[in-house]
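Trainee: Chains as they are written, first to last, in our numbering: chain G, 32 to 898; chain H, 687 to 940.
Simulated from the structure, these hints should not be mistaken for lab results.
Don't be surprised by glycine CBs; every beta carbon is placed ideally from N, CA and C.
Just to be clear, a hint being listed does not mean it is correct.
To be verified - Within a straight-line C-alpha distance of at most 20 Å, the following computed SDA-like cross-link-like pairs (lysine to any residue) qualify:
1) K280(G) x S293(G)
2) K821(H) x W57(G)
3) K821(H) x R60(G)
4) K280(G) x L125(G)
5) K821(H) x R64(G)
6) K280(G) x F121(G)
7) K821(H) x A62(G)
8) K821(H) x G54(G)
9) K389(G) x A378(G)
10) K213(G) x R224(G)
11) K213(G) x Q745(G)
12) K280(G) x K617(G)
13) K821(H) x P53(G)
14) K213(G) x S187(G)
15) K300(G) x R99(G)
16) K821(H) x G56(G)
17) K625(G) x L709(G)
18) K280(G) x L129(G)
19) K449(G) x S719(H)
20) K449(G) x E781(H)
21) K866(H) x H736(H)
22) K675(G) x E647(G)
23) K280(G) x D618(G)
24) K150(G) x T734(G)
25) K449(G) x R763(H)
26) K625(G) x G612(G)
27) K449(G) x A765(H)
28) K625(G) x Y668(G)
29) K227(G) x T163(G)
30) K616(G) x K670(G)
31) K625(G) x E614(G)
32) K616(G) x E631(G)
33) K150(G) x Q745(G)
34) K449(G) x Y718(H)
35) K675(G) x T659(G)
36) K207(G) x T241(G)
Said to hold, decoys possible - Examples of chain H residues lying across from chain G (beta carbon under 10 Å, computed):
37) G756
38) L761
39) R859
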Amino acid sequence: MSGSLNGPINGPVNSNLPSARPGVGWLWRMAWRDSRRSRSRLLLFLSAIVLGIAALVGINGFGDNLARSIDEQARELVGADLVLSSTQPFPAALQPTLQKLGRTHSDEVAFASLVQFPKGQGVRLAQIRALTGGFPYYGDWVVEPTAAATTFRQASANQQRIALVDDALLVQFGAKPGDSIKVGNLIFQIAGRVRKTPGQSEFSASIAPTVFIPGALLAQTGLVQRGSRIQYRRYYQFPATVNVDQLIKPLEPRFDKVNIDSDTVASRKKQTGRSFADLTRFLNLVAFVALLLGCVGVASAVSLYVREKISAVAVLRCLGASGWQALLIYLLQIALMGLVGALVGAAIGTAVQLLLPKVFAGFLPVAVNVAISWMAVAQGVLTGVLVAVLFALLPLLEIRRVSPLRTLRASYEETTEKTDPLRLTVYALIAAFITGFAYLQTRDWKLALGFATGLLVAFGTLAGLGYLLRRVVRRYFPSSWSYIWRQGLANLYRPNNQTITLTVSIGLGVFLLATLYLLQGLLLGRVQVAGSGKQPNLVLFDIQPQQRAGVVQLVKNQKLPVLQEVPIVTMRLTAINGHTGSEFKKDSTRGIPKWVFSREYRVTYRDKLIASEKLETGQAPSLGPDGTPRISLEDGYFKRLKLKLGDTLTFNVQGLPLTTIVSGTRTVDWSRVQTNFLVVFPNGVLEAAPQFYVLMTRVPNNTTLGAVQRELVQRFPNVSAIDLGLILKTLDDILGKISFVIRFMALFSIATGLLVLISSVFVSRYQRIKESVLLRTLGASRRQILRITLVEYALLGLLAAIAGLVLSAFAGWALALWVFEVAFTPNLAPLLILAVVTTGLTMLIGLLNSRDVLTRPPLEVLRSEAG
Amino acid sequence: MTATFLSYSPPLIERLICSCFVLKVENLTKSYSSGGRSLTVLESVSFELHAGDTFSIVGPSGSGKTTLLGLCAGLDRAASGSVWLNGIQLDNLNEDQRAAVRNEHVGFIFQNFQLLPTLTALENVLVPLELRGVKGGAQTAQALLERVGLGGRGHHYPTQLSGGEQQRVSLARAFANRPKILFADEPTGNLDADTSATVVDLLFGLNREAGTTLILVTHDLELAAKTQRVVRIKGGSVVSDSLTQRTTASTPAQ
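Start from the sequences, fold in the hints, and give me the full structure.
Mentor: Here you go:
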């Protein structure tokens, strides 16, 4: 028999390695066949994609619709092709130029004033627009009856005392067309009810409802006085062939000089888009977070799936499939399911997108035309498939390395001596994807890189923490503790432990959700005003210097406190350190925002700071020995302008140039109802300038409010009384709407986060079940196993949740500082609740996972798991 | 003993023309390092098999039987020594190349059947054929299922079949690509006595018809006795290598 142990007679050679390979068709067939019985297993994966993509498509679609609607309706928003506006009457020297600009134009003088309905003695602050001409030229001016608009346009010429009044105002006072309204010294007959004016949103209409009066009758109302806050506007209509922006470009320097703002359809488009930038930016971030959670969900769901498929892969390998073929079978499956998920997600997202404009309808300036945004749908579907493939690849790559030996030995473990270069490639692709996606959502490379780095840091920290936990528990193992604790703790570092995987996936989930929550707080808190206690709730505006004593007396007669009384002078900034606005405009590298030179500053003067202010640097305002005013700036404004103490700012105070020196900065508590100022002058400079006073008081009830308003209208018709309570209520209403949408969208993220949690805990199921069965076989009671499981998952859940929260606090702070530019004051209580809930859920899901072990006899479980 | 061996062996001249053994194992050694110590599970095993040989590896648990089978089938790599399978030296091939060799030349039967749970019986039998890129494999697969007595169960999933039926499907799959050599790891280990008998009959029957070389790993000495040659290993080394009564009784089909 020994002959058989001899060497080969003729040495065998590796001449004819088999090469026949099945085509792609077979891969598809296998992918399809294999999926038939495991589609339900991919449900977690599918839901992660569906939710992520739904949020993405919903939000991006809404953004698209909003942008398109603004584009389409920009002309309606302006109501004309060009609007020139100024706080001063247009100078006589400019009149010929303005006449030449275009023949079809309308003039408007707008200001706030109290109006009175003589019938019911009702008084309220309204926006008065004294109009001459055919404005609005575009958009629907919805007036009932329809003929009233035409009658009104001719009223100026006929000196007819008629007015058009906003619906909100008429409703409030139970008035109707035909009744009369008193504006200043004149009584007008209400000719029509205005339902909608181009460019005015429901929101602004409810805060300051408009009363249109014929321009020719303005002077007789007696409301226009020197120093009053008045807007003068001229609306132009041009033939469609005229390029308005080119037409006014050469005139702009002259307009700038006399503080005339020009507003064209194109500039309005930009501006309107920008005013919703915060909202869309936040919503984009929500979509980003939802999608990222989806990504984490995909990765953990697929790693769970792969774990189940390993024995099948080993068989395929044994039968001769190559590593790539095995990988491709599952990759095709995942890609296909990803496509299905993305399509379903896009459908749900489209439904959400159709819903969002309805929720926001009240305060968007345009009617958002809901159309399916195919762009968003396509982007969503593509992103879905990409996410599915990219994040599934991480766990799927392991399939290539599954050894066929597993068919012979179920417990065989592949040795992973070196890192897979492909894995590194996938990591790089994921990093590129996240950065690219963040860029697409924010259109800002710096931000995109910031997001990606933040995520990388979060990921690294969590993985590091998981690693550290393992090391620490092992190093300082409490040998004297009870068996249950020792066993539970040992589970954290024993072979096949899930410590790092669970810390990372649960931690990332918590991190993203908590960040979202913090942001929501940031955005909502930004506009929340304290409206209670001793805070003022009535502001009297536009008090002329000669009316000051009278108004104070009026307030005191009603036994009301004068909480604050400040003079206000309006001015514009013309130069910083001698460099004018147009110089800065040319040199964008200095990073001075454009609004710095274009806005109107309302400035007060005093020599000390008030209670709501705190000195940050330098000193309070003072008059320098040379007579140059030393002014104080709000700290944030000072920083945005990149100023330093000692810099000079030159203002145009209603025609007169005035150079000042920055001598100090203040922080202002904006949440207190006060008249707060960016710029404060010292006493002794502005006293002679045209100015008005603002007086703040607190009225105890609406009866007193009505009495004050009535008396004001009779004695000081130009003084406006702003009811802060009403404004706060309206603001509250809008905040309610915004937060509803934010919460609704965050719900998607939370749902995805929950999926992540479930799938990450599921991943560990297969390890734990065998061990628990073994323990039961060895005589452990259910109670003991239950507690061991609890100890392990409680520790993991707690560590991941706390780490996620700490990371999110950093992220929230960074976002507040750099993206939203607001102060960061997190509300900690709900975050702690989130930590507790996450830990609890981790434990619960962990327990549900092991319920098999607890309820079924050990042998049965062993048998079924062995198969 | 030598005489009987020579009487069944192919003539010398035929061996020269064939120029190879179906399986040749030379000085095969396998060791694992465990806790810093090296543990040798297989030491200097050599043997060779010709076309149509039937061969069993027997030994107690942990003796290295399954390790040897894994190495012979190219499922694992040895620390030293060589394996030639149908003239192809496996040691230098990477995992994918060895997979291709398995698909071309090797069939497998496992103790726990290892059918793909998500595929029907027919599809399971089809896999080796499809992997090879064979067109119209379904007929071959159906014929094989009929041969193992499961012609009407092709559309059933493994969970819908009994253990014996599953092992019969796995037999059909093992022969689907007309392998040169068939490896069977405890093929009756998970079956009761009656079912075992059916499966064993089918295994040897199919093997005879196809002229396949059969390597069987088993505890069951009765089953081992059905092969022509039995290698007994213990502690990783061959302790005996003997021909059985079968050698004279059966004639290998060529």
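Trainee: Now, for every hint given, state plainly whether the structure supports it.
Mentor: Hints and how they fare:
Restraint check: the Cα-Cα separation between K280(G) and S293(G) comes to about 10 Å, which is no more than 20 Å; the hinted pair holds. For the suggested pair K821(H) and W57(G), the alpha carbons sit about 11 Å apart, so the restraint of at most 20 Å is met. Only pairs whose Cα atoms come within 20 Å are accepted, and K821(H) paired with R60(G) is accepted, the gap being roughly 14 Å. Pair hint K280(G) plus L125(G) holds up; C-alpha atoms about 15 Å apart against a cutoff of 20 Å.
With a C-alpha separation of about 18 Å, the suggested pairing of K821(H) with R64(G) holds against the 20 Å cut-off. Using a Cα cut-off of 20 Å, the hinted pair K280(G) and F121(G) holds, with the two alpha carbons roughly 18 Å apart. Our distance criterion of 20 Å between C-alpha atoms is met by K821(H) and A62(G), whose separation comes to about 19 Å. Simply put, K821(H) and G54(G) have alpha-carbon atoms about 11 Å apart, close enough for the 20 Å limit, and the pair holds.
Proposed proximity of K389(G) and A378(G) is supported: the alpha carbons are some 18 Å apart, at most 20 Å. As the CA atoms of K213(G) and R224(G) are separated by approximately 16 Å, the hinted pair is consistent with the 20 Å bound. For the hint linking K213(G) to Q745(G), the alpha-carbon distance of about 10 Å falls within 20 Å, and the restraint holds. The straight-line distance between the Cα atoms of K280(G) and K617(G) is roughly 15 Å, inside the 20 Å bound, and the hint therefore holds.
Of the pairs offered as hints, the one joining K821(H) and P53(G) holds, with about 10 Å between alpha carbons and a cut-off of 20 Å not exceeded. Our distance criterion of 20 Å between C-alpha atoms is met by K213(G) and S187(G), whose separation comes to about 17 Å. Our distance criterion of 20 Å between C-alpha atoms is met by K300(G) and R99(G), whose separation comes to about 10 Å. Simply put, K821(H) and G56(G) have alpha-carbon atoms about 12 Å apart, close enough for the 20 Å limit, and the pair holds.
Between the alpha carbons of K625(G) and L709(G) the distance comes to roughly 16 Å, so the proposed pair stays at or under 20 Å and holds. Restraint check for K280(G) and L129(G): satisfied, since their Cα atoms lie roughly 14 Å apart, inside the 20 Å limit. Of the pairs offered as hints, the one joining K449(G) and S719(H) holds, with about 17 Å between alpha carbons and a cut-off of 20 Å not exceeded. Straight-line distance between C-alpha atoms of K449(G) and E781(H) comes to about 16 Å, which keeps the hinted pair within the 20 Å bound.
A distance of roughly 10 Å separates the Cα atoms of K866(H) and H736(H); the hinted pair therefore holds under the 20 Å criterion. The suggested pairing of K675(G) with E647(G) holds, with an alpha-carbon distance near 13 Å, which does not exceed 20 Å. Among the hinted pairs, K280(G) with D618(G) is consistent with the structure: their alpha-carbon atoms are about 18 Å apart, no more than 20 Å. For a cut-off of 20 Å, the pair hint linking K150(G) to T734(G) stands: about 17 Å separates their Cα positions.
The suggested pairing of K449(G) with R763(H) holds, with an alpha-carbon distance near 17 Å, which does not exceed 20 Å. Taking the CA atoms of K625(G) and G612(G), the gap is near 8 Å; set against the 20 Å cutoff, the hint holds. Of the supplied pair hints, the one linking K449(G) and A765(H) holds, its CA atoms being roughly 19 Å apart against a limit of 20 Å. With a C-alpha separation of about 13 Å, the suggested pairing of K625(G) with Y668(G) holds against the 20 Å cut-off.
With a C-alpha separation of about 19 Å, the suggested pair K227(G) and T163(G) falls inside the 20 Å cut-off, and the hint holds. A threshold of 20 Å between alpha carbons decides the hint, and for K616(G) with K670(G) the separation of about 19 Å falls inside it, so the pair holds. Proximity of K625(G) to E614(G) is assessed by CA-CA distance (about 11 Å); at most 20 Å being required, the pair is judged to hold. Of the supplied pair hints, the one linking K616(G) and E631(G) holds, its CA atoms being roughly 17 Å apart against a limit of 20 Å.
Restraint check for K150(G) and Q745(G): the C-alpha separation of about 15 Å stays at or below 20 Å, so the hint holds. Taking the CA atoms of K449(G) and Y718(H), the gap is about 18 Å. The hint holds against a cut of 20 Å. Only pairs whose Cα atoms come within 20 Å are accepted, and K675(G) paired with T659(G) is accepted, the gap being roughly 17 Å. Using a Cα cut-off of 20 Å, the hinted pair K207(G) and T241(G) holds, with the two alpha carbons roughly 15 Å apart.
With its C-beta approaching chain G no nearer than about 5 Å, G756(H) sits inside the 10 Å limit, and its interface hint holds. Here the hint on L761(H) is kept, as its CB sits about 5 Å from the closest CB of chain G, short of 10 Å. With a least beta-carbon distance of about 8 Å to chain G, the hint placing R859(H) at the interface is held under the 10 Å criterion.
Against the hints set out earlier in the document, no violation occurs for any number.
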